[in-house]
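Those protein sequence lines, which keep their order, are chains A and B.
With this note's numbering applied, the first sequence corresponds to residues 1027 to 1382, in that order.
With this note's numbering applied, the second sequence corresponds to residues 12 to 819, in that order.
The set of hints was computed from the structure by calculation and includes no laboratory data.
Accuracy of the hints is not assured; some may be wrong.
[Claimed, not checked] A few chain A positions that, by computed beta-carbon distances, are all more than 12 Å from chain B:
no.	residue
1	GLY1101
2	GLU1109
3	ALA1265
4	ASP1295
5	GLY1356
[To be verified] Here are the simulated PhoX-like pairs of lysine-lysine, each with C-alpha atoms no more than 25 Å apart in a straight line:
no.	chain 1	residue 1	chain 2	residue 2
6	A	LYS1206	A	LYS1243
7	B	LYS542	B	LYS775
8	B	LYS775	A	LYS1091
9	A	LYS1195	A	LYS1206
10	B	LYS542	A	LYS1308
Computed from a prediction, not measured in an experiment: that's the story for all the values here.
All C-beta atoms, glycine included, are put in the ideal place defined by N, C-alpha and C.
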Amino acid sequence: MRRETFHAARRLLIGLWVGLVFLGLSCKDRANRSQVVLYCSVDQEVAEPIIAEFERQSGIRVLAKYDTEASKTVGLAQRLRAEASAPAADVFWSGEIFHTIRLAREGLLAPYRGEGVSPLRVAGILPAIRGQDARATFADPNRCWYGFALRGRVIGYNTNRVPAAEAPKSLEDVLAPQWKGRLVMASPAFGTTGGDVASWFAHYGPDRARQILRGLKDNEVRLVSGNSTAVRMVATGQADICFTDTDDIYAGQRNGWPVAMNFLDQGDDGALAIPNTAALVKGGPNPQNASVLMRFLLSEELERRLVESDSHNSPLHAEVAAEYPQYALGHPLRVDYGRVADFLPAAIQAAREILE
Amino acid sequence: MPIRFVKAAGLLLWLLVIALPLLALAVESVSSPAQPDVVRPVMAALLRTCVLAGVVAATAVLLGWLPGKLLGTSGAHTGLLLLLLLLPLVLPQYVLYYAWTLLLSPTTQLGRLLASRPDLARLVGVVTSTGVLIGWYWPLAALVLAQGWRSIDGRIWEGAALEATRSQVLRHVALPLLSRTTLLAFGVCFVLSLSEFAAFHLAGVQTVGTELAVLYELTGAAAPVARAAWPVTLPALLAALALTLSSHHWMPATVTVKPSTVGSRSLAWTALLLLLVVSWLAPVVLLVANVTTWQPFRQFLMLHVDDLAWSLLTAGVAALLAYLIALGGFCCSKRRTATLLVCGTTFLAMFLPASLSAVSLLKLSGSVAPNVRNWFLVSAGQASRFAGLALVLLLLMRYPDRRQLAEMASLDGASPLRAWRHVHLPRVWPVLAGTFLLVTMLAFAELPATMILLPAGLPNFAQRLLNQMHYARDQQVIASCLILMLLFVVVAAVSVALLRMASTRRWLPVLLVLAIAVSGCGRKVGASEPKVIETFGKTGAGPGEFLYPRAIALDGNSAVLVVDKTGRIQRFSQEGQSLSTIQMPLIEAGKPTGMSLHKDGRLFVADTHYSRVVIFSHEGQQIGEFGKYGQEGGCFIYPTDVAFAPDGRIFVSEYGGNDRISVFTAEGDFLFSFGSPGTAEGQLARPAALCMDEGRGCLYVADACNHRIGVYDLNGHLLRYIGSAGLGPGELRYPYGLSLLDDGTIVVCEYGNNRLQLFSPEGKSLAIYGRAGRRLGQLAYPWAVAVDAHRRAFVVDAGNNRIQVWQL
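With the sequences and hints as input, model every part of the structure.
As structure tokens, this is what we get:
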């Protein structure tokens, strides 16, 4: 009798939960007619007008889930992993590349071979890889992800406190004692900073990378919650220099803040260029609409919009690059992104151990 | 019935939104393996967080002292004060922080100055975030402190003020009496600050709150979050327990401290206004002053109105859920165990980091329907966080005489819903409107839970605002913040207007809950209109007038004896002419509530408040008395009525701790007693009247507070009961009077149902006469009834100060 009562109570509670959960689901089911679910870690203010344009052109409604600056791409990547058994997303548009590569290796992304993925003429902004097919560098060999619209890693500095001539121009410069207590950087656990640190491991080797981290620690680097916070701290005089991305410096300059940037050269080999990536989520609920969105994300039109946006990404399409030479990444680092992605967990772990 | 409905709905929601997620969280945190790598950043930030939270809480309590005193001792301006105190809480902390950073922006003079001094700039960064939190928490501390001031007995205060200086009163009276409340205010602010997220996050200050908020995103699992939250879970548990235990006793003192005795009001008002200027007005002015273009406003209205609509919908639903959960807890607040469980967990959910509840809700819903996310979950997460606050405000809303008012309204025939609408709502609507508004706006701006629970495709205002702040889009942020304030004004106006109308207009369909509740109330009972033969008496202390008559006895077919609260026993003719008066010898302690006429003409009066039975001769001379105060045999506490057995024995009922029937010889010597206080079979709760059925050899006892008539044999053995608690036929509410028709029909006077009900000797309800009201045929608080041989019932219509004579 007690057992029956227990089971009845359990069924009742589960039933109540189901009822409540589905109470608010009308919008989800109602919209199934023509929609696509997008997980997007590109800045919301930048991505929204672009998505609105896609909706206008295609008639497909985009249900977008944006990241927050608190957790950046990591949050959405973890969500995709958590949903692996029953994916809710169709397309993953990331502001960086490393977590996308890892997701592809984990089998969570599906290949896309539609329009918009023909070989790209090498952009003039990328002299280091001139003469090669950009897709070879910025796409997955298995076509599970594609890169476009780059951002660069930079050293931001306060123009009132640091003369341009004295501003550090490479990672090695930052290790100089004169910058002791004057540097901030975002926590490597989230965002592009983790990828940047991983690229040190790939480029210099783990030993030298750890040495660099210890050097930063000796210089009393302070960790903050994100790249934009780092730039704000530089702008407000709480620090003199920071590691950040190009778009965060552009945002500060838009507000009239006294900030400028030098590319974060690793040795003399260039600064890390970080492309946006687009990928199909394996088993997503709207595969056809997802292909339409992928075609749009990989189009020249979209890249042009990103270049013209406040983010001012560097384009891969040569035609767009020719129009906007001011946003060229002068000397991008030649690096195997797959290898950087391999180093990512170890690099983050090491950075946290040494810096926190 | 409406109360039951609201309680059931509230408890069900509590179970789903608070209890089950907390339980799942507890299981998760205990059963999952330790993950030191994940927990380390939280632990690293613990000391810094505790120091910052301690500074925030201590300063908030100091700043909130004077406004709290002002609110707690204010008689006239409570509504205005409450509104002023709620103002700073409406703007989220991160908006306030951002507003201040506009002043410190590198483009300003101050910003440039700070930028030249890095150490000072760093200090200012931390101080700004901490200061903003202090500016947000002092009203909360003031609200808690006000409750402490409200509960101080004004007589103690005035007595102390007569003999001591103001500082002595402060040290030796105020501080000891307010020490618990002050500690509670500190604890509440401290624990909430421990979990603070957005302001510290924007300021780049790592705290437990900022680390926990991103831990789920980092790990994608609930277990690490649950384990990492232990450092804040323990203080949260303690704070929830303290708040639960203390809120149980929140009730204003009968005599509160007079505003004029607590010192300078102008100083307190000045302090309050100054605090409001710094913590609310200055940030608003900063936002407005930094508007350089209207383009972002137009852009917002063109692109992001859906953000507002969806966020308002989820927040409104969250407020409704929080309200229902709080009402569930409020209804349980009379029972200690239920209070501990429901209120305690509701407070715990408020004190825990919101990301914890959100993660648990997500996991729980995922176990039922994998990967289903919707706006309702967002509302549930927000409600889980703010139900505790709604409960605190509801508990503060209690006022001392609310139960008596409800009872009086009920006696005037109001259903519970009507009583609530016409009696309570006009008194409490400002608090209700304020609570709903506050919870809606807090839910609207909530971030940690929303970030985790927000599904794809659901626009959200708060998340966009946070991202705009990160991207340093000052003009967009300012536009969003000012629109948020405008929204607050609109929502406030609508809430106030709705509740004002609900409290004053009859036609308004108030709220959904009430609309649903209507179906369960206004139950009609098949009462007959009595045939009124006669009525006599009116309000007054002169001959033929009454001040609350409470007992009646018929002297055969010739006279009617009535005793009222003047202590006079007036003799009337059956037509209502005043004939004579007997004055009770002592009335200072209280007046009689029962009397019976012996066959030999002697009048036995239950002199209730003098613990005795006084005997008068037919001419009105006191000829004897028996009984004294005590609990031993033959003693009384509050005797209520007297009845006579055929063999001459005298039965006396009493309440007040004895709650029994004592049996005496005809000479007044004690024989035995039966019954004891309680609700069980054979026990009594305020036996209010006795009636002897000589033909059947049994005694009817009106067991008033047990809402039943006990039937006993003349040796005190219980035979059966008639009636049970309720409004319907065969049910009783506070039977205070009994009489017997010649055919053995029992006539019961129901104080609680404002009616007479006739029962057959077997207990079957035969008829119901009368209802609540002031007209003839209607009753207000009837205390007693006597019937004559012509089936005429003389009803003591106490609330109307008259005797009505009805033909049954």
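Hint check:
1. GLY1101: violated, 3 Å
2. GLU1109: Violated: least Cβ distance 5 Å, not greater than 12 Å.
3. ALA1265: Incorrect as stated: the minimum Cβ-Cβ distance to chain B is 7 Å, not above 12 Å.
4. ASP1295: holds, 30 Å
5. GLY1356: holds, 25 Å
6. A:LYS1206 to A:LYS1243: holds, 9 Å
7. B:LYS542 to B:LYS775: holds, 22 Å
8. B:LYS775 to A:LYS1091: Roughly 68 Å between the alpha carbons, so the hint for B:LYS775 and A:LYS1091 is violated.
9. A:LYS1195 to A:LYS1206: holds, 16 Å
10. B:LYS542 to A:LYS1308: violated, 83 Å
Checked against the numbered hints above, the structure violates hints 1, 2, 3, 8 and 10; every other hint is satisfied.
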